[in-house]
Amino acid sequence: MTDVVLEVEELSATYRGVVAVEGLTLNVPAGRIVTVIGPNGAGKTTLLNAVMGVLPARGVVRFRGEAIGRLDVEARVRRGISLVPETRELFATLGVEDNLRLGFWRHRGAGAAAMRRALDEVYALFPRLRERRSQAAGTLSGGERQMLAMGRALMARPSLLMLDEPSLGLAPLIVRDIFRAIAALRDTGVAILLVEQNARAALQVAEYGYVLETGRIALQGASAMLAADPRVIETYLGVG
Amino acid sequence: MNSVDPTIFLILLQDGIVNGAIYALLALSLVLVFAVTRVVLIPQGEFVAYGALTYATLGAGRVPGSVFLLCALGIAACGYGFWAERRTLDLSATLRLLGETILLPAAVLVLTLWLAPQRAGIAVEAFLALLIVAPMAPYLYRIAFQPMAEASVLVLLIAAVGVHLAMVGLGLVFFGPEGSRGDAFSGATYTLGALTVPGQALWIVGATLLIMAALALFFGLTLRGKALRATAVNRLGARLVGIPTAQSGRLAFALAGCIGALSGVLIAPLTTVYYDSGFLIGLKGFVAAIVGGLVSYPAALVAALAVGIGESFSSFYASAFKEVIVFGAIVPVLLARSLLAAPEAEEE
Ligand SMILES: Nc1ncnc2c1ncn2[C@@H]1O[C@H](COP(=O)(O)OP(=O)(O)O)[C@@H](O)[C@H]1O
Ligand SMILES: [Mg+2]
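Residue numbers (the numbering used here), protein chains in the order written: chain H, 1 to 240; chain R, 1 to 348.
Bear in mind the hints are in silico, worked out from the structure with no lab data behind them.
Since the structure is predicted, the reported quantities are computational estimates derived from the model, not experimental observations.
Ideal Cβ placement from N, Cα and C applies to all residues, glycine included.
Among the hints, a few may not be true.
To give a feel for the contact side, a few chain R residues facing chain H, derived at Cβ under 8 Å [unchecked claim]:
id, residue
1, Arg87
2, Lys226
3, Ala230
4, Val233
5, Asn234
6, Leu236
7, Gly237
8, Pro244
Only some residues are given here: those of chain R computed to face chain H with a beta carbon under 8 Å [what the hints assert, rightly or not]:
id, residue
9, Thr88
10, Leu223
11, Ala227
12, Arg229
13, Arg239
14, Leu240
15, Val241
16, Gly242
17, Ile243
Here are a few chain R residues that sit away from chain H, every Cβ distance over 10 Å (derived from the structure) [said to hold, decoys possible]:
id, residue
18, Leu13
19, Ala76
20, Ile102
21, Val110
22, Val161
23, Gly193
24, Leu195
25, Leu270
26, Phe313
27, Ser315
28, Ser319
29, Phe327
30, Gly328
31, Leu339
Could you put together the complete structure from these sequences and hints?
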């Protein structure tokens, strides 16, 4: 089954008239990890924010066949899209578990037992969060904050999870943990749109990739193919 | 200056605590509204004055004009709600909007027309005054603030001043230029050594403590309360988990409206309230809130008590300068705050 969860067609977004992304067309199939790599300022964050509805954009965004371009952020969350933003946007003064509970907002009618189950699943994925569950989110380390941001997004049980540079500013060991968690998530059936500057790790975990340069898609293909492309190797994978 | 007589000292202290309790409630709702919506709620004092005058009018057996304002605001909020949510309205949202903005004020109007002439008793009248005044706040949020929720603090402040001026003007229309007093909840007085404590003072302090406890439980234990705090600490984060921030804003305004109206009902028996009395009362709550930087509840509470006590002592020793002293005291506090906060502010 190759259901397409997210279809983006000819998406363009501007900041006060200055074009940030233009004419982007991409797909995310169900149960797959699709990555968008590219240098700083290429427009990766703009793309995710536009799909989430945080930023206005032109073009077509279809989620499970429904055009969602005119819906507000809350309605998109209700449809099953979650974004873990580059800036995390945690509730700093609230505890770790309260942050997670609020991630369950979309399902708050489902009852305490359902929330408990969702919490346990997140804790199973990130045991560190269980240890820290009553600590204020603002006091967490960088890696723990990323885990909490992902955990909070997962509490909504999305069918599409969008991750904006989850490895940004993290130590290599933590990056490995995070990418393991991403791979584990794919096996639960959620579609993932992963934006990264860490092209090596992203292409390893994803099935398909797009290379974004100055707001346009410069290259696309199966990850293995991209990883073998001389242009990608030279610009994004380096020699080491 | 004469030395302080201990009895007078105690009386002044008691007055100060009672006033301080009211200022604390107002400061609390100002901090809450600002944290959630970034609106500096200048019209907070009008909810107090409307609450007091509506309660006093009901006590005189008349129908207060404010109930018609409630209906008008409800209809306007309904119209705006339909327009703003025209793309996302489904059946349940439509019913909820109609219930909130049409059914509720209609029911309050019927209740008022029925109960007002027959002097239904202090408890009923106090509750009715709350029902008439408190819902105005979320309606005003829908009409005046929600359309520009993402505007700058300054623009929102200007809108708040506009709402304040409009409400004072309408207050004059509905309640007239002469002041009124409401009936006390309890005529009893209690003697405590040399001190005579009126029952109403106990009502005020008791109600304040009760409201604070209720708010603490609401924010500490319920998911909706936590959602409100979440909206306050991180708006974007709240939107990303699907918390509707407009709804959070209305809830914050509704709480502020309840607290303001209740404060008005509580003070109505103690002082004569005029249509424009709200501003000065609200301003003192505002001073306390500012001391807390519009973000800290505990600092605002302590400051509110200090304002109340300071006001009570300065009105005894230098009554002509009472307001000057109270508002003058804010200057060194703000100075200290800005000096202490300077390194932090630089980062932004
Ligand atoms: N808030 C903003 N205002 C103006 N320009 C912006 C803003 N955010 C991003 N940009 C510009 O849009 C382009 C794409 O930025 P962004 O999407 O953040 O890139 P990336 O996430 O790939 O680093 C950049 O040229 C950036 O300077
Ligand atoms: Mg970015």
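Status of the hints after comparison with the structure:
1. Arg87: This hint holds: R:Arg87 lies near chain H, its Cβ roughly 6 Å from the closest one there, short of 8 Å.
2. Lys226: This hint holds: R:Lys226 lies near chain H, its Cβ roughly 5 Å from the closest one there, short of 8 Å.
3. Ala230: Check passed: Cβ of R:Ala230 comes within 5 Å of chain H, closer than 8 Å.
4. Val233: Check passed: Cβ of R:Val233 comes within 5 Å of chain H, closer than 8 Å.
5. Asn234: 5 Å, holds
6. Leu236: 5 Å, holds
7. Gly237: 4 Å, holds
8. Pro244: 5 Å, holds
9. Thr88: At about 6 Å, which falls below the 8 Å cut-off, the nearest Cβ of chain H leaves the hint on R:Thr88 intact, so it holds.
10. Leu223: 6 Å, holds
11. Ala227: 6 Å, holds
12. Arg229: With a minimum Cβ separation of about 6 Å from chain H (threshold 8 Å), the hint on R:Arg229 holds.
13. Arg239: Hint on R:Arg239: holds, closest Cβ of chain H at ~5 Å, below 8 Å.
14. Leu240: 6 Å, holds
15. Val241: 5 Å, holds
16. Gly242: 3 Å, holds
17. Ile243: This hint holds: R:Ile243 lies near chain H, its Cβ roughly 5 Å from the closest one there, short of 8 Å.
18. Leu13: 34 Å, holds
19. Ala76: The claim stands: R:Ala76 keeps its Cβ more than 10 Å from every Cβ of chain H (closest is about 22 Å).
20. Ile102: 24 Å, holds
21. Val110: 32 Å, holds
22. Val161: Consistent with the label, R:Val161 stays out of reach of chain H, its closest Cβ about 29 Å off (over 10 Å).
23. Gly193: 43 Å, holds
24. Leu195: 41 Å, holds
25. Leu270: 37 Å, holds
26. Phe313: Its Cβ never comes within 10 Å of chain H, the nearest being 36 Å, so this holds.
27. Ser315: At about 38 Å from chain H, R:Ser315 clears the 10 Å cut-off, so the statement holds.
28. Ser319: Consistent with the label, R:Ser319 stays out of reach of chain H, its closest Cβ about 42 Å off (over 10 Å).
29. Phe327: 31 Å, holds
30. Gly328: R:Gly328 clear of chain H: closest Cβ-Cβ about 33 Å, beyond 10 Å.
31. Leu339: 24 Å, holds
Checked against the numbered hints given earlier, this structure breaks none of them.
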